[in-house]
Amino acid sequence: MYRTQDGHDVFVVDGHTHLWDGSPENQANRYGKGFIECFYDYHKTFTPTELLWPLDRFEKYGVDRLVDDEFVRGHVDVAIMQPTYLTDFFTRGFNTTDQDAEAKRLYPDRFILNGSWDPRDGERGLDELRRLKDTYGITGVKLYTAEWKGASKGWKLSSPEAMLYLEECQRLGIVNIHVHKGPTIYPLNKDAFDVSDIDEPASLFTDLRFIVEHAGVPRIEDFCFIGAQEKNVYAGLAVVMPFIHFRPRYFAEVMANLLYWLGPDRLLFGSDYAIWEPNWIIEDFMKFEMPQDLKDEYHVDLTPEIKEKILGLNAARLYNLDIAERSQALARDSIAQRVAGHVVA
Amino acid sequence: MIDEMAVRERIAEVTDPELDQSLSALGFVESIEIDRAEVTVRLRLPTYWCAANFAYMMASDLRERILRVPGVERVHVRLEDHFAEREITDGVNAGQRFSEIFPGDADGELEELRASFARKAFLIRQEQLLRALLRAGFAPEHIVRLTAGDVTEEGRALAVRDAAGKWRQLSGLAQTWRLWLRKRAALGAAAPGAGPLFTTPEGEPLAASGLMDHLRSARMIRLNGTFNTLLCTGLNRTRHGVDVNADAMWMTPGDTGQEVRPA
Numbered sequence: 001m002y003r004t005q006d007g008h009d010v011f012v013v014d015g016h017t018h019l020w021d022g023s024p025e026n027q028a029n030r031y032g033k034g035f036i037e038c039f040y041d042y043h044k045t046f047t048p049t050e051l052l053w054p055l056d057r058f059e060k061y062g063v064d065r066l067v068d069d070e071f072v073r074g075h076v077d078v079a080i081m082q083p084t085y086l087t088d089f090f091t092r093g094f095n096t097t098d099q100d101a102e103a104k105r106l107y108p109d110r111f112i113l114n115g116s117w118d119p120r121d122g123e124r125g126l127d128e129l130r131r132l133k134d135t136y137g138i139t140g141v142k143l144y145t146a147e148w149k150g151a152s153k154g155w156k157l158s159s160p161e162a163m164l165y166l167e168e169c170q171r172l173g174i175v176n177i178h179v180h181k182g183p184t185i186y187p188l189n190k191d192a193f194d195v196s197d198i199d200e201p202a203s204l205f206t207d208l209r210f211i212v213e214h215a216g217v218p219r220i221e222d223f224c225f226i227g228a229q230e231k232n233v234y235a236g237l238a239v240v241m242p243f244i245h246f247r248p249r250y251f252a253e254v255m256a257n258l259l260y261w262l263g264p265d266r267l268l269f270g271s272d273y274a275i276w277e278p279n280w281i282i283e284d285f286m287k288f289e290m291p292q293d294l295k296d297e298y299h300v301d302l303t304p305e306i307k308e309k310i311l312g313l314n315a316a317r318l319y320n321l322d323i324a325e326r327s328q329a330l331a332r333d334s335i336a337q338r339v340a341g342h343v344v345a
Numbered sequence: 001m002i003d004e005m006a007v008r009e010r011i012a013e014v015t016d017p018e019l020d021q022s023l024s025a026l027g028f029v030e031s032i033e034i035d036r037a038e039v040t041v042r043l044r045l046p047t048y049w050c051a052a053n054f055a056y057m058m059a060s061d062l063r064e065r066i067l068r069v070p071g072v073e074r075v076h077v078r079l080e081d082h083f084a085e086r087e088i089t090d091g092v093n094a095g096q097r098f099s100e101i102f103p104g105d106a107d108g109e110l111e112e113l114r115a116s117f118a119r120k121a122f123l124i125r126q127e128q129l130l131r132a133l134l135r136a137g138f139a140p141e142h143i144v145r146l147t148a149g150d151v152t153e154e155g156r157a158l159a160v161r162d163a164a165g166k167w168r169q170l171s172g173l174a175q176t177w178r179l180w181l182r183k184r185a186a187l188g189a190a191a192p193g194a195g196p197l198f199t200t201p202e203g204e205p206l207a208a209s210g211l212m213d214h215l216r217s218a219r220m221i222r223l224n225g226t227f228n229t230l231l232c233t234g235l236n237r238t239r240h241g242v243d244v245n246a247d248a249m250w251m252t253p254g255d256t257g258q259e260v261r262p263a
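Chains as they are written, first to last, in this note's numbering: chain A, 1 to 345; chain B, 1 to 263.
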């Protein structure tokens, strides 16, 4: 909950968080090492100096730290956990749904657990998807089209194999399809981050919502074109958000474009924790004002109401969260007392 | 005796093809050594995993430019801290084409890539010029009718003839103008003649009514370039301690005032 200066409470859903294990002990090969180091470089490059983490903490931080950074200090009410399996790089996987479930078990009202699938797993993968639905009741998945598997260096969401999985999602009521489309990450292939495979599934599966994580940056023109055409395409703002601190003009121009092409109801805040902590990003965002020249040219703005949509209301709508009801439940959990203690301190 | 300044000037002309910025300004050139008729340049890119075709273009462009300096007989470009450093270093210094180093990858794709980057850079530089004209009060109807005779460099400023035929000075814009001219030439366009000066990359005239749409799509191209530049220079700072002024790159003149530097 973010409290504004005039005492208004803003309900915050962090749409993009992880509980990963990138520790050396879990690294299966040099790619695993390279992957977590690349994440760490992103962290160091776009985090205010005084908030930098040491590498060993970044590699593996655990549930307590996550809870502290997200809910106690981070203004967040509910966090959506986006898994990143990467089982070719990490022995037990980098960040699987089963790993995330530990946090959900401890704090059921604080987390939304998402699953994942990979069309190259065929029938076995469909069984696994059904298991995730049965076990955790997931309503969303995070997909990684750039993930390596054996000799394959990625897949397309528009492939016939992927269509089978999307049909199964529709059948199971897994309606929120988050797809990682962003900057290239070592050692994944650049082409696999191309956004062009979103268009066709989005127009075929109108009941599903396609949340393009990282807004397809740096291919924003392709993404905005698709977003303007398909009303069930959303932008996840993870990676875009931290630019607000060092490069507010760049952030403003990207936001002006997203607001212009997609509108304020299809943008979802995400910190990409633990690459970045939500605390400073949310504080900067609440203070942020759209520059006048962009307001004039695009006829868009970041009013308090629009910020509230981006920070929580939009995600709450996608995940069927009743905010009044959930706020009451959260006020009673063990984290709430720590939050109160933190605010007083 | 090789003129060291001439070598440095040639090196400064080589750009990262995607970022359209000089390798020297980006801080990618680690060192330059001159030993009699031999020049050795070390090239270090922000990440270990920069695309091999990009790395090849930069390394081979360096070699080709330095070889133009009188007296230079041999050039060694050393790509360092890169997954394909050995293949690219050996191949480029032997004067090999990309397809000879990496069989299966077509050279034609490199040319296509260069053409696509030239098109984007053209649009970005043109956006900067056109927005500066709009800010100075030029009407879209006048802007799309400007010809080569209506624009001239005056020191660091650009002089542009307004609708009443009077010359108006736009300060600090000559550099952008020159970059735009260079990108225009890279697209294969003939020198600007009597027709409209500002066109699409394909040479089609712009309509006054469509000017804002044109600028908005150019802005998106620029935002991609800005992102890549900020990421590459940021990672280079993080990984190698190389700090460069990324603010000056890709920003529309007049916008830079709103940028802040990391604390």
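For the record, the hints were derived by calculation from the structure and aren't laboratory data.
Remember, it's a predicted structure, so these values are computed and weren't measured experimentally.
Heads up, the beta-carbon is just placed ideally off N, CA and C, and yes, glycines get one too.
The reader is advised that the hints may include incorrect statements.
A short, non-exhaustive set of chain B residues, derived as facing chain A with CB atoms under 7 Å [claimed, not checked]:
1) A52
2) F54
3) N93
4) L223
5) T226
6) L235
7) V242
Each hint tested on the structure:
{"no.": "1", "hint": "A52", "in the structure": "violated (11 Å)"}
{"no.": "2", "hint": "F54", "in the structure": "violated (10 Å)"}
{"no.": "3", "hint": "N93", "in the structure": "violated (26 Å)"}
{"no.": "4", "hint": "L223", "in the structure": "holds (5 Å)"}
{"no.": "5", "hint": "T226", "in the structure": "holds (5 Å)"}
{"no.": "6", "hint": "L235", "in the structure": "holds (6 Å)"}
{"no.": "7", "hint": "V242", "in the structure": "violated (12 Å)"}
Checked against the numbered hints above, the structure breaks hints 1, 2, 3, 7 and satisfies the rest.
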